[in-house]
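*Asks:* Protein sequences appear in the order of chains A and B. Residue numbers for the first sequence follow our numbering, beginning at 1 and rising by one. Residue numbers for the second sequence follow our numbering, beginning at 108 and rising by one.
Incorrect hints may appear among the rest.
Said to hold, decoys possible - Which residues of chain B face chain A? A few of them, derived with a C-beta cut under 8 Å, are:
1) Ala-164
2) Pro-219
3) His-222
4) Met-226
5) Lys-231
6) Leu-233
7) Gln-234
Derived from the structure by calculation, the hints contain no laboratory data. Cβ atoms here follow ideal geometry from the backbone N, Cα and C, with glycine treated the same way.
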Amino acid sequence: MERIVSETEVEIKNADGLHMRPAMQFVDVANKFDCAITVSNESNEVDGKSIMQMSMLAATCGTKLKIKADGSDAQEAISALQELVEERMFDEPPPKQKKRKIENKET
Amino acid sequence: MKFADFVCFNTLVGRLKAKDRNGAITELVNALSEGGQFASDQNKRIAKAVIKRENEASTGMGKGVALPHVKDAAVKDVVATIGQSSVGIDFSALDKQPVYSVILIISPTDNPDKHLQVMENIFKHLQNEKFRSFLRQAQTAEQIKDLLREADEKVFF
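Based on the provided sequences and hints, a complete structural model is requested.
*Replies:* Written out as structure tokens, the structure is:
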């Protein structure tokens, strides 16, 4: 079978970051594919199909993660995971907009 | 991040009396409030919230450990305790196996990053076979405390 390696960088955009529920969603999507999937931050590379390992990433909102897929369905896996993380944001809200400080009171 | 930064050592339970999931959660919530983490009139409400979260998706991550948790304004910082079960508790865990260590975590509503760091610390140690085996063997609060202190001092790495 053809070997395809696909890679992308995603940014965690939901306010609460990659806590247990999003990590489970990620692992669920990852496990639909045959390719091997690894996810890394600056210090660790973990198995994207293992909930225990994904929880070790402690990816807070704003963290960038590299996702690497290796196998015949690598490209489909990468686009599905990218959609989950960046477009669906794990079905969670982004951080609340900080209220603009009211300065320049005088005039 | 160390265990000492979020585990309330005076609330550890060496042998849970409860034999089921909800009972274990309630027992650990009570332990945290007895240890001074929040007022006892909050116990029922917090236990209910943890159970509700658990019903949505099991936190039984496999290898005999469950990490029930919830965000609640009753705490200002992340607080956690651990209860050990000798008989094993059904948490509907991912690997369908009974749970022997229940790690209850209550996080404040406004600090998601700290919650993630706490989880990172716990999972990092749970990856370690030696740590898991010692945790499984711990039967008193003192033994759990010693294990966590040793883990903090990187005895296993």
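*Asks:* Hint check: is the beta carbon of His-222/B less than 8 Å from a beta carbon of chain A?
*Replies:* Since chain A brings a Cβ to about 6 Å from His-222/B, closer than 8 Å, the hint holds.
*Asks:* For the restraint on Ala-164/B, tell me whether the closest CB of chain A is nearer than 8 Å.
*Replies:* holds, 6 Å
*Asks:* Against chain A, with CB atoms and a cut of 8 Å, does the hint on Pro-219/B hold up?
*Replies:* Nearest chain A Cβ about 4 Å off; hint holds.
*Asks:* Can Met-226/B be said to touch chain A, with a Cβ gap under 8 Å?
*Replies:* At 5 Å from the nearest chain A Cβ, Met-226/B passes the 8 Å test, so the hint holds.
*Asks:* Classify the hint on Leu-233/B as holds or violated, based on whether any CB of chain A lies nearer than 8 Å to its CB.
*Replies:* Check passed: Cβ of Leu-233/B comes within 6 Å of chain A, closer than 8 Å.
*Asks:* May I ask you to test the interface hint for Lys-231/B with respect to chain A, counting a Cβ-Cβ separation under 8 Å as satisfied?
*Replies:* Interface hint status for Lys-231/B: holds (5 Å vs cutoff 8 Å).
*Asks:* Under 8 Å is the threshold here; is the Cβ of Gln-234/B close enough to any Cβ of chain A for the hint to stand?
*Replies:* Holds - the Cβ of Gln-234/B comes within 8 Å of chain A, reaching about 6 Å at its closest.
Hint compliance for this structure: no hint is broken.
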